[in-house]
Amino acid sequence: AASSTPPGGRTPSASPRPGTSAPAGTSSGTVKSYPTTGGRAVFDLGQTSATLVSATPSAGWGVQVWKQPTWIRVEFTSGDQKVSVFCTWHDHKPSVEVATY
11 AASSTPPGGR TPSASPRPGT SAPAGTSSGT VKSYPTTGGR AVFDLGQTSA TLVSATPSAG
71 WGVQVWKQPT WIRVEFTSGD QKVSVFCTWH DHKPSVEVAT Y
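By the working numbering, the letter at position 55 of the sequence shown is numbered 65, and the numbering carries on one by one without gaps.
Since the hints were derived computationally from the structure, they do not count as laboratory data.
C-beta: ideal position from N, C-alpha, C; glycine also.
Where hints are given, some of them may not hold.
What the hints assert, rightly or not - For lysine to aspartate or glutamate, the following EDC-like pairs were computed, each having C-alpha atoms within a straight-line distance of at most 16 Å:
hint: 1; residue 1: Lys42; residue 2: Asp54
hint: 2; residue 1: Lys92; residue 2: Glu107
hint: 3; residue 1: Lys77; residue 2: Asp54
hint: 4; residue 1: Lys103; residue 2: Asp54
hint: 5; residue 1: Lys42; residue 2: Glu107
Said to hold, decoys possible - Pairwise CB distance ranges, derived in the manner of DEER restraints:
hint: 6; residue 1: Gly70; residue 2: Lys103; range: 15 to 21 Å
hint: 7; residue 1: Gly56; residue 2: Asp90; range: 34 to 40 Å
hint: 8; residue 1: Lys103; residue 2: Ser68; range: 15 to 21 Å
hint: 9; residue 1: Gly89; residue 2: Leu62; range: 33 to 39 Å
hint: 10; residue 1: Gln91; residue 2: Gly39; range: 14 to 20 Å
hint: 11; residue 1: Ala109; residue 2: Pro79; range: 33 to 39 Å
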């Protein structure tokens, strides 16, 4: 049987740090937001991988997400406009590129 600290519970080795807050869930790295004209993509960037925290389209825009073992792509679309937020981490630390088409 696995023992775990319940959500919101305290672990003896943790000490509170005033002025800092963590997103819901466990963060493996640095949470960064990438705002674009089409919407906002938020990634949790770790040392060897990344996870998508959220992808929120702007008003009038749609969003589509693709996830693979070494990359995540978020594409916002409105008519013939496209904005791509592409996070990759194959053989390197996660990096994010934003491109407009």
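For each hint, the structure was consulted:
no., hint, result
1, Lys42 to Asp54, "holds (6 Å)"
2, Lys92 to Glu107, "holds (14 Å)"
3, Lys77 to Asp54, "holds (14 Å)"
4, Lys103 to Asp54, "holds (12 Å)"
5, Lys42 to Glu107, "holds (13 Å)"
6, Gly70 to Lys103: 15 to 21 Å, "violated (34 Å)"
7, Gly56 to Asp90: 34 to 40 Å, "holds (35 Å)"
8, Lys103 to Ser68: 15 to 21 Å, "violated (29 Å)"
9, Gly89 to Leu62: 33 to 39 Å, "violated (24 Å)"
10, Gln91 to Gly39: 14 to 20 Å, "violated (31 Å)"
11, Ala109 to Pro79: 33 to 39 Å, "violated (22 Å)"
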